[in-house]
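Q: From first to last, the protein sequence lines are chains A, B, C and D. When the first sequence is numbered by this note's numbering, its final residue is 323 and no position is left out of the sequence of numbers. When the second sequence is numbered by this note's numbering, its final residue is 323 and no position is left out of the sequence of numbers. When the third sequence is numbered by this note's numbering, its final residue is 323 and no position is left out of the sequence of numbers. When the fourth sequence is numbered by this note's numbering, its final residue is 323 and no position is left out of the sequence of numbers.
No wet-lab data here; the hints were simulated from the structure. Among the hints, erroneous ones may be present.
Calculated from the model, a selection of chain B residues having no Cβ within reach of chain D, i.e. all distances over 10 Å [what the hints assert, rightly or not]:
1. Gly39
2. His62
3. Glu116
4. Ser130
5. Gln162
6. Ile297
Covered, in the sense of this in silico footprint (three residues per stretch, anywhere, with C-beta under 8 Å from a C-beta of chain C), are these stretches of chain A [stated by the list, open to error]:
7. 24–31
8. 91–100
Backbone N, C-alpha and C fix where the C-beta goes; we use that ideal spot for every residue, glycine too.
Number of protein chains: 4
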Amino acid sequence: MEHQLTPDRYHPTIGSHEPVLSVSSGDTVSTTTVDAGGWDAGGDRVTSHGNAQTGPIYVGGAQPGDVLSVTLDRVWPNRGHGFCSRKILPNVLDPGHDGGVRESEWLRFVLDFASGSARIENPPVTLKDLVVPIRPMIGCFGVAPPQGQAISTATSGPHGGNMDYRGFGPGVTAYFPVFAEGALFHIGDGHGWQSDGEILGSGIEVSMDVTFTLVVIKNKTIRWPRGHNDDYIFTAGNCRPLDQAVQHSTSEMLRWLTDDYGLSLPDANILLGMFVQYEVGNVIDPAYTMICKMPRSVLPETAPAALVPS
Amino acid sequence: MEHQLTPDRYHPTIGSHEPVLSVSSGDTVSTTTVDAGGWDAGGDRVTSHGNAQTGPIYVGGAQPGDVLSVTLDRVWPNRGHGFCSRKILPNVLDPGHDGGVRESEWLRFVLDFASGSARIENPPVTLKDLVVPIRPMIGCFGVAPPQGQAISTATSGPHGGNMDYRGFGPGVTAYFPVFAEGALFHIGDGHGWQSDGEILGSGIEVSMDVTFTLVVIKNKTIRWPRGHNDDYIFTAGNCRPLDQAVQHSTSEMLRWLTDDYGLSLPDANILLGMFVQYEVGNVIDPAYTMICKMPRSVLPETAPAALVPS
Amino acid sequence: MEHQLTPDRYHPTIGSHEPVLSVSSGDTVSTTTVDAGGWDAGGDRVTSHGNAQTGPIYVGGAQPGDVLSVTLDRVWPNRGHGFCSRKILPNVLDPGHDGGVRESEWLRFVLDFASGSARIENPPVTLKDLVVPIRPMIGCFGVAPPQGQAISTATSGPHGGNMDYRGFGPGVTAYFPVFAEGALFHIGDGHGWQSDGEILGSGIEVSMDVTFTLVVIKNKTIRWPRGHNDDYIFTAGNCRPLDQAVQHSTSEMLRWLTDDYGLSLPDANILLGMFVQYEVGNVIDPAYTMICKMPRSVLPETAPAALVPS
Amino acid sequence: MEHQLTPDRYHPTIGSHEPVLSVSSGDTVSTTTVDAGGWDAGGDRVTSHGNAQTGPIYVGGAQPGDVLSVTLDRVWPNRGHGFCSRKILPNVLDPGHDGGVRESEWLRFVLDFASGSARIENPPVTLKDLVVPIRPMIGCFGVAPPQGQAISTATSGPHGGNMDYRGFGPGVTAYFPVFAEGALFHIGDGHGWQSDGEILGSGIEVSMDVTFTLVVIKNKTIRWPRGHNDDYIFTAGNCRPLDQAVQHSTSEMLRWLTDDYGLSLPDANILLGMFVQYEVGNVIDPAYTMICKMPRSVLPETAPAALVPS
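One chain only, chain A, in its complex shape (with noise of 0.2 Å):
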């Protein structure tokens, strides 16, 4: 079934807030998320919250101890323009080094949909030809955590949050673990271009037109979120330090390996250790991300399960 949301408000935290929508394990929801700063398709702020979050959205027979995976079927900017950030975070540059900017005003980003890219609009004379791709992306989206927490969307954890992947786009399919009764699925903060890391503290924030599906698996135990492309699949270690995501990242990819894929831990071992890769989500949040990938062709056969992508 499909389903359309307007969002009437939203939320600056992931919890147990009450459900705007309640929707069936397989439907389709479309709707509209407000860009990091609470600014609309319209150019109106009609939130003061950072990533304010639309949802959440109740699924049905979502349960403690399930999986909800989430497919980004659409995740296209609803207006002409975005806003980026000028200055690299601090804390990643040396300590001392004066990044060389003050002030991180904030560049606005013309978004040309045609040619899919986007120019500043006023930009600094060196950087007149500047040409972003548009890529969009979903900066912060997930589930309501445990115990009734109330998490900022400034940051994240083991049930998503504002990750700031890079790899969030449109085609990628989710697994978050489900804490609370109907999941509770909020999603918020698109970026139509980021860079690894997002070290400007910002990707080009624009409000966004969002289409997905939500599919309940049943009784499946995953510890951080993951997700799949076409050619990867991928789980996400987000915690400081850098460090401590790798862990996280890596010990899930290697639990996957074993528990969906049917590999022993000895060979799971080694096919993790002969073909993984990293890649930076965030590096500026409270909490950094860091994707542990695996390439789909290097997995072995098996028959497609809840955990394993067609």
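Got chain A; can you put chains B, C and D on it based on the hints?
A: Leaving out everything else, chains B, C and D in the frame of chain A:
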């Protein structure tokens, strides 16, 4: 001028050792390296040192305050087998996670040069079809560090060393800061294949034939190793934790964009923030290596110069 | 005014929950806390939440932008036994180090109030003479965080929370930034004894009688919890990694010395650098706690003020 | 036997340099050290090396696999002034926090041996009454590392080195693993006073008269430096980040309790968890130092042995 060097000694440190060859800036050297365990092309163990280095090579005219450019013209295994560990190292798994492999025995790989790929000699049944492409690279190379230090080939730093970055393969040019007269270039620890992070503690360790060209760039200060290939320029931050390696490599890239590509610091913030990519060299050595990359396609057009590849 | 509070509910998060008591600035509250496992004075398990909190208490007049001062007038076990874990957590041991204890069973401690000390009920032979002094402290307390967040009592942050610092005992005053109207003070997780780092994952967990005085300090911004005892003022940095907790606590102390003790920033650099002491709160929770201390004997004499203890 | 050594050279690395003195196990040596900048007792700059070391001293009978015990019999300034930096280093402040001190000029301190205290020569008005006790300590000492490494005196490791721990003062015994024949003991970088962390990047740097006794303990393996004073035994973990230094020092203490004090691993978990104390050595050098301490009063009574102080 071209030189042929047949090593008769190997070093377990990178330091101000007596040169085994003296060359001029612009000269090309062909030589061999032993594998990480000290085994040579003929399968003999000629040294017991780990990551034993061929060299050092004295480059005439190189002085502290210069840069040594090293172009890897050729890197190719000189024997038909290599070794790889089979246990993911515990520091990349969650604390207390038993990776499930007690002993880190060596897997023997057979290299098939015709197909350009490698296979495990006696593979576990599940991995019997595992084929790994041969993508040769240098795990450990660099120049003598300052003040008479002799730094173990287990680790890395501003002088290079055991960075274990899969990107240091044929066709790549690396840049090292010169700290000692003659630069004193060392090279060793070839891998026939390695994925991100070297999380098994090894790639496919194999002895190599190597040919490289050494050029002195006068009066040029860099703080961390740099490099370029056809598509990217990149910098290497070598230390623990990974968060700090991010800081070093990002700061070094910012300096590159301003000092050599002529961008103002504010403009460099924007360009770097928009297009930066990170790649994990290693996350298991005493110093981790984080690579900060920029696509050459987005760099400003400037006259080719010492550190601006044409 | 003095209040007696008998809890009838406990919270697994610190957040904007409905207050169970409303007091005025300067009032004193006597109440009880359950132990970390939810067991009360009578040995009944009254909640299954971890580090379940008594409260919250609404303090009249407290507004975002104020500080809540909490003086721990009395903290004392209200029953004769406590529990302590027996396994050092793997994250404080070398990766791959098998700490040698499989299961983390609970040790039961008998508290002898006459002698002020505790013993293991059925000790291993070698530790039969082990005597631990009773030094009661509060593991987890704080105020509602901003934006409606509800933060797990497993972790800590600017709002306080599960800092597990052994210095939060009777006679100590703690200061928290106020983020919500009424401050909404929570308290729980008493320890009869705990050493540095809480490396077993617990102190001697015991239910407590607590008496504390709550004072609102108007229009005073602090970024991290602070405190003082007879000899020291101190700040708490709560996050991972420990290196970053050092940064937060040191920066907060520098602000204290300039904003409240009237030192210039250069003079504060000298004084802090000369006399700073660090103490490890915990190194096992999701956020670590590093304490930055200054001996009161070296602080400039200033008129006692809001944040200058007399 | 007692030796008097007058240094005529100083080393900027700790390594297998030619010995300047050869002694037997049990011998005592009196000598001098220059300050961190290379200035001697007479106020002359006799070397430009940082933390230049006196030595090395060859200790007869010491072989790899042994331990060198170094008792600091006397450490006392041999001139009446010292130097201290005045700027808190940026890596211990929040990223982007401007510590407020541009240049790190040196403060000159006058040492008053009668009162055992030091004062700034031309103090800022606010700090005119600042008095610092003279508590002499050794910032950098240790033994030659393995494999011919020569490690900069800026950093530290299993061999000791620049630990900058205020606890290495007179009366203390330090233990180092022997990696080279003769151990090759180095010593330098005396501080008249230093607080935790050495966050200014220096203590009160002063040249010293030192007397120490060197004893070889045969066939004893330790992995990190250890030490004891009248009240504590302690271990030093030297690396970045601080979290990892916690791991090394805690694991080393666990080995001490089992290997030398005869506790079972489960009992050692309990005793260590109950009484561990941490102390920050330095948090500004290339390797940080975390000290793990145990009060001697709680240790099991065992026959005094090689590594069990009586």
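Q: Now look at each hint and say whether the structure bears it out.
A: Hint check results:
no.: 1; hint: Gly39; verdict: holds, 31 Å
no.: 2; hint: His62; verdict: violated, 7 Å
no.: 3; hint: Glu116; verdict: holds, 21 Å
no.: 4; hint: Ser130; verdict: holds, 35 Å
no.: 5; hint: Gln162; verdict: violated, 5 Å
no.: 6; hint: Ile297; verdict: holds, 13 Å
no.: 7; hint: 24–31; verdict: holds (count 3)
no.: 8; hint: 91–100; verdict: violated (count 0)
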